[in-house]
Structure formats: C-alpha cells, structure tokens
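Peer 1: Take a look at the letters that make up each chain.
Number of protein chains: 2
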Amino acid sequence: MRILHTGDWHIGRKMNGLDLIEDQSYILEQLMHEIENSDIDLVVVAGDIFDRANPSRQALKLANDTLYRINITLGKPLLVISGNHDSRERLNYGSEWFKATDFHINTSLDQAHIPVTIGDTDFYLLPHIEVLEARNYFKDEDIVSHQHAYDKILEKIYGQLDQEKTNILVGHLYLSDSVASDSERPLSMGLSEAVSEETFSAFDYALFGHLHHPFAVDSEKSFYSGSLLKYSFSEHKQPKGCRIIDTDKEKVSFIPLEPRHDVVVYTGDYEEVANGNVSFKDNNAYFKFELSNMSYVTEPMSKIKMLYPNTLELKPLIEDRSKELQTVDMATTSDEEIYQSFIETTLDRAVTAFDKTMFKSYFAGEHNETD
Amino acid sequence: MRILHTGDWHIGRKMNGLDLIEDQSYILEQLMHEIENSDIDLVVVAGDIFDRANPSRQALKLANDTLYRINITLGKPLLVISGNHDSRERLNYGSEWFKATDFHINTSLDQAHIPVTIGDTDFYLLPHIEVLEARNYFKDEDIVSHQHAYDKILEKIYGQLDQEKTNILVGHLYLSDSVASDSERPLSMGLSEAVSEETFSAFDYALFGHLHHPFAVDSEKSFYSGSLLKYSFSEHKQPKGCRIIDTDKEKVSFIPLEPRHDVVVYTGDYEEVANGNVSFKDNNAYFKFELSNMSYVTEPMSKIKMLYPNTLELKPLIEDRSKELQTVDMATTSDEEIYQSFIETTLDRAVTAFDKTMFKSYFAGEHNETD
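Chains H and Y, in that order, give the protein sequences. Per UniProt numbering, the very first residue in the first sequence carries number 1; after that it's consecutive. Per UniProt numbering, the very first residue in the second sequence carries number 1; after that it's consecutive.
Honestly, I wouldn't trust all of these hints.
Which copy? The list can't say, so a pair holds if one copy fits it or any two copies do.
[What the hints assert, rightly or not] DSBU-like cross-link-like pairs, simulated, lysine-lysine; straight-line CA separation at most 30 Å:
1) Lys61 / Lys156
2) Lys139 / Lys61
3) Lys61 / Lys152
4) Lys99 / Lys61
5) Lys315 / Lys237
6) Lys139 / Lys156
7) Lys221 / Lys249
8) Lys61 / Lys14
9) Lys14 / Lys237
For the record, the hints were derived by calculation from the structure and aren't laboratory data.
The following block holds chain H by itself, in its conformation from the complex (with noise of 0.2 Å):
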C-alpha cells in the first residue's frame, strides 16, 4: 500500500496578518498533482487541517473542495483526525455520510481504538487529545501528563491489535526526542507535553502531525508530515512537502512541494539591500529582514518594499544582540536559557533579577502550592 502522508494544512492562517489562503490554494493543487501521479492508495491527514476552530466560509470552501478532488474526483480512501487547531464539532460535521466513500474523520478518544481497515492495513485515528479529557474519559485522577494519557489509550488499543496485519497509527501530538519551532512549541515551558516515541512501537508506522518541520523526528517508523507551507519566519530552512510510506516495499521517501511564495529570512545590512546588492532567489517571497545601519532611514520598509514588495517584517538589527536573536535549538536550550530568550527577543527588554527570581519560582520547581 502507498500512503501519502500530509497534515498541518492550517487552511485560513494568516502571517503577520497576510491572508494565505491563495498560498494554500496554490500548493494543495501541488499536493493533488501529486496524489494524482505518484500511484497512491489512501491518503492521510494528520490534524490541523484548518487554522481556527471557527474557519471562515473561504476557508470552509478550500477545505470541502480539497478533501472532495482527494476522495471523490480522484476515489481516494482518506483518513483524518483533528489537531489542535481544529474544532472537533466542526471537523466532525457530515462525517458519518463520508464514511460511504472511505473518507473517516475522527475527533473523538472515544473512537480511536476502533480501527479504520483500508486493505491489509489497520489504521488507528488518535486525534489530539488534552490531559484532561483523557483524565475524565479514563476516570483516572493520575494521568498528569500526555505521556500518561498516551499510555493509557495505547495500552487499549494494545490489547486488540491484529498482529497480522499492517498496523499504522495517526496521530497529533509533541515526540520528546523531536524539534519543535515557533509555530506550534506550547506555552507552557515544561515538557509535559511530550510523549517518547517508544509509545507507538507497537505500530508498524507512526505518521504525526503537530510539527511542522518533516524532519522533526529521526526515525524509521515515526515521521511528522511537516506542514504544507513555513507558516512562521523560524520555519524559514524547513523543507515543506508531503511523504510517500510504501509499506509493501517499505520505502518511506518525502516529496517536496514548490510553493506560490517561499518565506525568507536575510539578516545583513540596511544599504545593502536597498540597493539591491543581496541577489534573492525570487524577489517575491515572504521576506523578513534583520538590517543593521537602519535607525537613521525615514520609511525604510517602503523603501525595501519597493524591492520586495511582500516583505512582511523589517527589524533593525542590533549588533551585540544578533548572537541572541538566532533561532534557539529546543533540543539543546535549557528552559531558563528559552525563558531568558523569550524575555529579550519577545517582549524586548534585558532580563531583570526578579525574572531569574520568577523563573525559579514558577518554573524550576521551588514554587509549591501546598507551602
């Protein structure tokens, strides 16, 4: 069986409030040409197929139209679950008539231990889930964490699975061992989101989404599809596509998609590229510049702009902080140092005695509730 692996479509997303939605028109034509010629069997979406819970009517049509060129025009077996973005009722709407054609959307903990059977192969629809939904559908007061609720509903689905066939599970949620960026790493500073890829070793593949970057995970089994598109500046170097899982062959390959508009970042200096020195790829990209020598210049962004016309963001750039300023590796970053990272880049001002105070107080466990 050949199984495209897509999600994170994010379909009404907009980025330093551009409206993306001819951007997302534009590569689910790419990812369709593909469905179309590369001899898939089934399609899966891994969550987030739209932005908002409450998507608007554009978004709506963009979505209804994609998913019926999949499993109508094209007769495609399809299979989706919601992720965090998504809004279970609406995702789940008129999904009990989709069922006709092989289009199964699942929203519910409720269902995920039911398997959807496509040929030879079992797939299990786990859709993102909270703690404390899992705590109340288990009635079980001890599941603090994800890696608490994923065991709980994985040991379920564990007791039934048909070790003959192919088992493949779908999910949405955060791998420990994996990088998040920007666009989706949670709020909160602590990791209890995350779940160790161990979890689903059961399972012949597990295909995710919730990460946007398609590398996000090294593994054999495990992959995040990636999102269809870099949906924030620090997804600027992440290669944006689809993967292909043969499972007869077991071949696993990713496919990148070539979008309207790539998404830029160029850090240098002010002069340099208004004069039109820096040679871009493509002059029409979502660019965002870091620019030195740019504090005396009246209107610079109308004066790039006339360069780069969909320059979306122009910040100076200040010299002895351009170290900071570079993407921090999750991976290998404390949470002091990402919390100290936040301070500066974020809300734009050094760290003060009281933050580190706070820090280690909320965060770093010195803080108790029952004192």
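Based on these hints, arrange chain Y on the given structure of chain H.
Peer 2: The following block gives chain Y in isolation, referenced to the frame of chain H:
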C-alpha cells in the same frame, strides 16, 4: 408520496437573549417522532436551518445530529435549500457526499433548474436569492425586483418541466398574498421582495419557507411550513408544527407539535398578575407582560418572575396607547402607519413632524436622487 414539509428551524436562535437550543432540541425530537410514525417517504426543509451564517458548535451539532437521524437512521430522502439566514458556503459543506443517501442540499441558483428526482416526482430546489444575484447570474440589468428574478428563473425551469411527473418547487421567499410577522418582515418598507403565488402555478405543489406563519398563504397548492417554534412575541398566536403532503391522495394536513415552552403575551393589570389572580396553562411559558399600574412598583420583574420564572419581557402598559401596541396586521396597514408604529413601539417615543417629513421624503417617493 407522503412528504413532510418543515423549515425555518433557525437553530441557534435566541429570544430576548435567551438561548433556545434546548427548546429546539426538544421540538426536533417531536418532529423526529412524526417522521418515524407517520409513514413519511421524504422530508423537505425549506430553508433557514440555521439562525446565523456562522452557527455555534452546539447549533452545528444539533443540525448534524438531526439531519443524520432523518437521513441515515430513519433512511428518509432529505431535500434542503438555503434560506436568507443560512450561509451558503457553510450549509453546502459536505453536500457532495450527502447525495449518495438522497440527502440533497441546494444553495446555488446554478442548480435550481436541475430537478432532484425521487420516485415519480421532480423536486426543484430553489435557494433564497437576492435580486442583485439574479441580475448577475442572468446578466440582465432589467431585473430590479424579486418578481422579475423569479420570473426569469422559472422561465428556465418551465422550459424543461416534465409534465408526466409530479413537479414540486421548494423555495424560500415572500409570497405577495401572505402576511408576515415581526421575525421575517424585511426592514425595507417597500414590497419589492414580494413574489406572486401565480408565478409557481405550473407546479403541482410549492413548498415554502421564510414566513413563520404556517397559514401565511391561503392556497391549495402553495404552503409555508411555518417556523418550528414561536420565535418572537408577535408569533404568539401562531400554530407551529409541520405539514404532510400526500401527493397520491392530494391531501394536505398540518400537524401541530407541542413545544417545551409556549410563548405567551398577556396584557392586563400588574396587581392581578403579581397576586396570581390570572391563570395560565403553563406558568413556565416564555412570557411577555404588558401591565398597567406598575409605575410605583420597585423591581416588578423580580416579583413577576417569582410566579413566572421564564418571563422574558415586562413593559408598562400605557393606557391610551394600548390599542396601537397591538399586533399590526401588515396586510391592511399602510407603510406610513407601520413606520409610525415602529417609532412608537421600538424607539419608544412619539412621532414628530420631522419624522413625517422624513418618511414622505424617503419612503413615499418624494425623494429624488437626481434633484
């Protein structure tokens, strides 16, 4: 064929700020009982399933569950059009899949002339339309009223009507011979929305939504289903339910459905009501009281609610205006009188000479844009 004709569900409606979703769930249960037990072949919902273009998740769920039960659980073909309250794009979501089980939604003028054939009957599903839309669709600037628009649409349908079959139109519009209530009276004082009943004379039956009174039109072939519930106090005397059309026996009957709460308007004396001297069928009904001798009472609403907890409106009855405050019969009342009544009852002030000048200038044709 036995057709159950319903419409104007307005799921998600509020009345004086009160969420009616529980009442709607209750009455839809009664409707379901009727569908299940009255040997129905097919269900028609003539528009305004939802009250708002962007329904809440709760409203969406109730609609989904109801449509599912009719179409899948009870296995009845289901014909739905969009009303002026529905969002076409949202209502249309998933509709391609629904067709497989004879659940047909039409939200587009484009599809109105293509009949849905069920047994020996052709159904023409005509969504609510606006004049401007018809003008664009037909590329005809001469279309300036609903009457023009519908003439044009029906010209197209009549050109291909199969006279061997029973032909039924489903529409959502304002028949000129009918009487509107506050809930659906257009804000425009003119009657450019009105369409004559004769327009639909070539059909065996025409099943409408829009007006909330199930007897808003007096005809043997054209019917309004009426709304599911009394959705404003002006509807307090209207029967509510659904209609069954037996096309073989040429028999049409209206089936009243019992709501969870009735809607009651009572005009009288404050003391009589507060002392419990007035007897009502159900003290838990949704009440509107217009009471005299209330001006010196502190917190009259609290006192009234001790007896009638679901009182939604309490107004002082000003004796000498009491007659004017009665329900206005739209059919026999002039536009000027309606305008006057609007100022008095809604704006709660007397009509001034300036108001009268304004009315003459804007509504009575004395105003000329080209002056």
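Peer 1: Any of the earlier hints contradicted here, and which numbers?
Peer 2: none
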